[in-house]
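**Student:** This is what each chain is made of:
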Amino acid sequence: MTAVLLGASGASGDVTWVGLAASLVLVAVAVALSLWRGYGLEWDIVWASLRAIVQLLAVGVALTVIIDPDSPLVLSLAWVVFMVVFAAVVIRGRAPGVPGLFAIAVAAISAAAAVSLGVIFGLGVFPAEGRTIVPLAGMMIGNSMTATVVASRRVVGELTDKRDEVEARLALGQPWTVASRPYTRSAVRTALISQIETTKAVGLVFLPGAMTGLILAGVDPVDAVLVQAAVMYLILGSAATTVTVVSIGLTRKLFTSDHRLVRLTREGS
Amino acid sequence: MPQPEVDLFRFEDVRLEVDGATILDGVDAGVPDRGLTALVGPSGSGKSTLLRLCNRLEVPTSGRVRFRGDDLASLDALALRRRVGMVFQRPTLFPGTVAENLEVALPGVAPADAADALERAGLDRAFLDRTGDDLSGGEAQRACLARTLVTGPEVLLMDEPTSALDEANTLVLERLGRQLADGGVPVLWVTHDLGQVDRIADRRIQLADGRVVGDER
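Taken in order, these protein sequences are the chains called A and B.
For the first sequence, our numbering begins at -16 and goes up steadily by one.
For the second sequence, our numbering begins at 1304 and goes up steadily by one.
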């Protein structure tokens, strides 16, 4: 066993194929726990693990081409567009009861990408190259996906739970933009607070992915911290942009032009 | 020759369907522009839905609702709702004090007007500083009535306003409704309680299964 482990990693921290195979022991642990406790998730775990490695390998091959310094930048941008659309598909799947979420998600993540990546590259925090655009967009979009799902579920949930209050406000002659505000604000706060808490806990409670990856790859920890801090701010700014666009877009969909709240079901959440 | 009186609300072959279910099935009725009219019927008869058509919280699938002769669909919904006030079945006070609730209804409301609205709802001005959590169900419902009255509505819609109240508070609210109607604010009051209809209504429109089955003066 010791010999296998010794052969699992290269001198610079690279994971070898043998090391990857060894890590499958942890998948086996998950399967064993599922069997032992009767979770019924064995095939889901195996399928998810296989799918992940196939996807990552495919992405790795594609990225090798896309982020090659000799490749045109438009390839990286096309990859970002693909990620935005695919993220919207995933979001729609995770909150199927929320009406019109695909278009809202595309708009929200695109806006967040434009703002956050525009600032990061516009101010020269990172050089605008394929090797920076693609991974930074990936992290930004991944976090925006979670924020979008939370925000959309919370907006629908708040307006469903507080329907009486919302209609009382509408009955007083408030336009939907005003009548909905206390409830969408609450939903946005919930969606953002988890991101803010994550930002506060970073370094103390957990080491985030980018920093971990850099340290594992042998980069000086202080340099890794600088990169990670910029990434955290990127994620925070993009999450705020995303949930704001989601709450505005979704709320617009949930009210009619003559200021009525459409019928909603909690299934949206 | 006197002009025929224009109805406060006129329902003309009003149908409303939700997800394939018929809620209102060709309602034809007129609500007079004075006194207190009761919309009465069993649960699920469509009476609350009919009431919600009057301030456009609902719109008919087909047919027409008129407000003092004007097609409701042609009126601005927000302006209409400021003319047609509504009190809901359950007291729905917003977070904050009663004064803050009145401020939501009428931003910048003068203290004297706030106190006057409370008085018309049977509460003294000391309630302005109370929050919804401090109020009984009856007091909260009267605070909601005050919140509606502070906007100066021409008409009042009451959607089973006493269904969550005890007998004493029910009688208080009935008296207030009656006073408003007598004071020149026509009231359209939804209830399933025939005894309540006898106590307060000048006119009753009876519904069953989404249709008008009785219209008595």
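Hints should not be assumed to be uniformly reliable.
Over the 10 Å line for every Cβ pair with chain A, so calculated as not near, a few chain B residues [claimed, not checked]:
{"no.": "1", "residue": "Asp1336"}
{"no.": "2", "residue": "Glu1361"}
{"no.": "3", "residue": "Ser1365"}
{"no.": "4", "residue": "Thr1400"}
{"no.": "5", "residue": "Asp1436"}
{"no.": "6", "residue": "Gln1482"}
{"no.": "7", "residue": "Val1516"}
Chain B is nowhere near these chain A residues, computed Cβ spacing over 12 Å in every case [said to hold, decoys possible]:
{"no.": "8", "residue": "Leu3"}
{"no.": "9", "residue": "Ala13"}
{"no.": "10", "residue": "Gly21"}
{"no.": "11", "residue": "Leu24"}
{"no.": "12", "residue": "Ala94"}
{"no.": "13", "residue": "Leu244"}
Which chain A residues face chain B? A few, computed with CB under 7 Å, are given here [stated by the list, open to error]:
{"no.": "14", "residue": "Gly140"}
{"no.": "15", "residue": "Asp144"}
{"no.": "16", "residue": "Glu148"}
{"no.": "17", "residue": "Pro158"}
{"no.": "18", "residue": "Ser177"}
{"no.": "19", "residue": "Glu180"}
None of these hints come from the bench; they were simulated from the model.
Don't be surprised by glycine CBs; every beta carbon is placed ideally from N, CA and C.
**Student:** Hints first: check each against the structure and report whether it holds.
**Tutor:** Each hint tested on the structure:
1. Asp1336: At about 20 Å from chain A, Asp1336 of chain B clears the 10 Å cut-off, so the statement holds.
2. Glu1361: violated, 7 Å
3. Ser1365: holds, 17 Å
4. Thr1400: Given a closest Cβ separation of 15 Å, the condition holds.
5. Asp1436: About 15 Å separates Asp1436 of chain B from the closest Cβ of chain A, which puts it past 10 Å; holds.
6. Gln1482: holds, 21 Å
7. Val1516: holds, 27 Å
8. Leu3: holds, 52 Å
9. Ala13: About 42 Å separates Ala13 of chain A from the closest Cβ of chain B, which puts it past 12 Å; holds.
10. Gly21: Check passes; 39 Å lies beyond 12 Å.
11. Leu24: holds, 36 Å
12. Ala94: holds, 29 Å
13. Leu244: Contrary to the label, Leu244 of chain A does not stay out of reach of chain B, its closest Cβ about 8 Å off (not over 12 Å).
14. Gly140: violated, 17 Å
15. Asp144: violated, 12 Å
16. Glu148: The hint holds - Glu148 of chain A has a Cβ within 7 Å of chain B, the shortest such distance being about 5 Å.
17. Pro158: Holds, because the Cβ-Cβ distance from Pro158 of chain A to chain B comes to roughly 6 Å (cut-off 7 Å).
18. Ser177: Since the shortest Cβ distance to chain B is 23 Å, the answer is violated.
19. Glu180: Since chain B brings no Cβ nearer than about 24 Å to Glu180 of chain A, farther than 7 Å, the hint is violated.
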